[in-house]
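*Asks:* In case you want the letters, here they are:
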Amino acid sequence: MRIGIDVGGTNTDTALIDGEVLRASCKSPTTPDVSTGIIAGLRRTLAIADTSPSAITAVMIGTTHFTNAVVERRRLLEVAGVRLGLPATRAVPPMTDWPGDLADRLGRHVFMVRGGNEFDGREIAPLDEAELKRIGAEIRRRGLRSVAITGVFSPVTSVMEKRAAEILREAVPGLAVTLSHEIGRVGFLERENASIMNACLADIARRVVASFRAALREVGIAAPFFISQNDGTLMAPDYVERYPVLTFASGPTNSMRGAALLAGETDAMVVDIGGTTSDVGMLMNGFPRESAVAVDIGGVRTNFRMPDLLSVGLGGGSIVRDNGARIGPDSVGYEITTRALIFGGETLTTTDIVVAAGLADIGDRSRVAHIAPEVINTALDTIHRMVDESIDRMKASAKPLPVILVGGGAILVSRDLPSASRVIRPDNASVANAIGAAIAQVGGEVDRVYCLDGTTREVVLTGAKDEASANAVRAGAAAASVRIMDIEEVPLAYLPNSATRIRVKAVGDLVIG
Amino acid sequence: MKLTTMQLRDLAIGAAFLGTGGGGDPYIGRLMVQACLDAGLEVEIIDPAELADDATVIPTAMMGATTVLVEKPPSGEEAVAALRRLEQRIGRRADATMPIEIGGINSTIPLLVGALLGLPVVDADGMGRAFPQLEMETFGVYGISGSPMAITNEHGDCVLIEAVNNRQMEWLARGVTMRMGGCAYIAEYSMTGAEVKRTAIPHTLTLAIRIGEVIRQAKANQEPPIEALLRFLPSTLYKFGRAIFAGKIIDVHRETKAGFAVGRARIEASHPSSAIMEIEIQNEYLVARVGGKVRAIVPDLICILDSESADPITTENLRYGQRVTVVAVSVPEIIRSPAALAVFGPACFGLAEPFTPIETIV
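Here the protein sequences line up with chains B and F, keeping their order. With our numbering, letter number 464 in the first sequence gets 464, and the count goes up by one each step, no holes. Position in the second sequence (first residue = 1) + 1000 = our numbering.
Some hints here could point you the wrong way.
[What the hints assert, rightly or not] The calculated DSSO-like cross-link candidates involving lysine-lysine, where the alpha carbons are at most 30 Å apart (straight line), are:
(1) F/Lys1248 to B/Lys395
(2) B/Lys399 to F/Lys1248
(3) B/Lys133 to B/Lys162
(4) F/Lys1293 to F/Lys1257
(5) B/Lys465 to F/Lys1257
(6) B/Lys465 to B/Lys395
(7) F/Lys1293 to B/Lys395
(8) F/Lys1239 to F/Lys1219
(9) F/Lys1293 to B/Lys399
(10) F/Lys1002 to F/Lys1293
(11) B/Lys133 to B/Lys27
(12) B/Lys395 to F/Lys1219
In short, the hints are calculated from the structure, not lab data.
Can you make the complete structure from the sequences, with help from the hints?
*Replies:* Quick look at the structure:
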């Protein structure tokens, strides 16, 4: 049996899964020390399921803790940003496009060294080891405890980043080291940004992982625990201590994957309707389709593997205007319990409409009895059109797919949707995040520019698949269960030899025990 | 005119629009120029009319794969070195630099050179959009030799090319670019002020800035940005702009042929129509057809915009499900003459259809 825990900003959700069956779940408030909330949730869940801690084989934790730390600029370390790339790259120094307050917070300690590689693996320049030693001494002098090392084309070859790490570790004992090739893909500035952001979380990562560990020990769970990352796969705790940034988008990913399990689907659209917005995403082979564009976190441009989500201004608190023809994007939000008509307020909201239509029984129904049937009908038309359009927009093909509705605002949808083969409303959707964490698998990826001179596409592709699979196994997947999830080939435009960027993703089941 | 930070941001949007799907994301170029502005350097943009007839103008640019550029930003000195080396070769100092290509990242390289050297940047270019090859320039069309050309990298290596014609210059330079890591910096088509006035497409830098500004202001005023853009175009040399299709991307296909990204995108019209527009890609959007009939064709601009935000969508970022509006724009006469069409007209991209001006297509 596995336990999934979702540590959010407000609530800590816990779910106990037996195979693919939800046995027990609960919500408890997130506590400032994190572990108290987890302990409370674990105890209650084990009690509900009448299960002993020794029966648990693995614990999977999803958390937004690190994202929040960056967004709120909390407990961030000063960071040495070391770039291997001179004489190239000098025109855009590290942290160039960062919000000033965050760059100040991190101390703006940037260093550029000769080194880095070309797209075909050649060296731009040999690594300047003497300069790195000097930088090491400077890092120690400034009392910095965390470094981010980013080499040009390190996704092609990581030798220089690793060598630079050796030199700096030697110069600065106990230095926390982030290597960019472990974090991101091709796209230098975005990868460097993500690496620096990762490095500033080194302390908080160690502390949070320690509190997870302590909570499990307190409850008497001896099973291994893992933390879920952006793409819905798992990381071992020691890896999270080093790469907390890879958890940044795990929340929506876990929520979508959990919803899929509850609905019994692997290929579906997930619509999470909240109070103010609806988030629409697509699951392919049980994983969210990822965004191709740069993602902004706390004002910094990164290229994380994030689920591609469309957020539209439609929720249970959205304001209804023009006799139902216009809905949102503004919402009464958390004030719904005072401002909506059914709660004695003066604002016509989408929830008022569904109550007036007799589709839900919330609040004081008599307060919406006066709404004209045409207005109700028009508003319901508008709601369904908005949901249907956003689903269609996020699909990867014209084929109708099952639509899984979750979230408190799911009551807004009562009719069939033309874009959906069917509409599913799973039970227990409120703990979908924790369930998604509990069922996470282990992944491995390759993202590199390959030169096809003197070889063939087939040879290169086979090599990339093998390497992605090996990475998954190295990360803890059972070899026999590993399969290729996704292959993406993008030829490099404006280059007259056959250079192609290939990205392969493999996943497998976690080896437990 | 001194370039401001806001104009630089607007330029990046406008240049992406004029890139017609190609030309590379101007983002890194914008950062490099911004770094200069932040350091107190200035970029002076001058009208071609301000150039003395005997002034020396040396255009600067990057060439090669923009995918390499986003992983290996330049030192910033490369294009400066190319310009200096070409000055030596021709025995004259540059009075100004100029873009060769207003579409995409190459709109920004001369701004960097201008800032670093204190050279004015001429408000004009040689493509009026983006094209994949160096011979595809109005400069060459109207008799300017691309050679001698200087091509540099971040190490200070420099190759001088003196080719028998501009096509051959492109071919040789492309090979050198590969050896330089897939992305290099160039100075070419050196010419006089009089030649700029005769062969360059005027006012394209300010056009790109204005396009970005119009889109930004429309969004700020909650107006539909594409409509605002179409209202603005008649006041420019790109006088005829029209939304020729709106709908949803239903299929994108890409492959590589001879080192260039080739493919096609299919867009399905919004209800009730079920018409399908097919757009052919060769690095840029080249031709748009509905039911086999041409609706817009190179060198007129074919731009795929996000229907809501009006953000230009590059060929690499096309995806199923995007709601898009296809905007076609007439290019100035200098880009449409028989001589110009012989260098970058439809036949030069292997298309069977003749060029038909967008304003005559119903």
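*Asks:* Against the earlier hints, flag every one the structure doesn't satisfy and list their numbers going up.
*Replies:* 10 and 11
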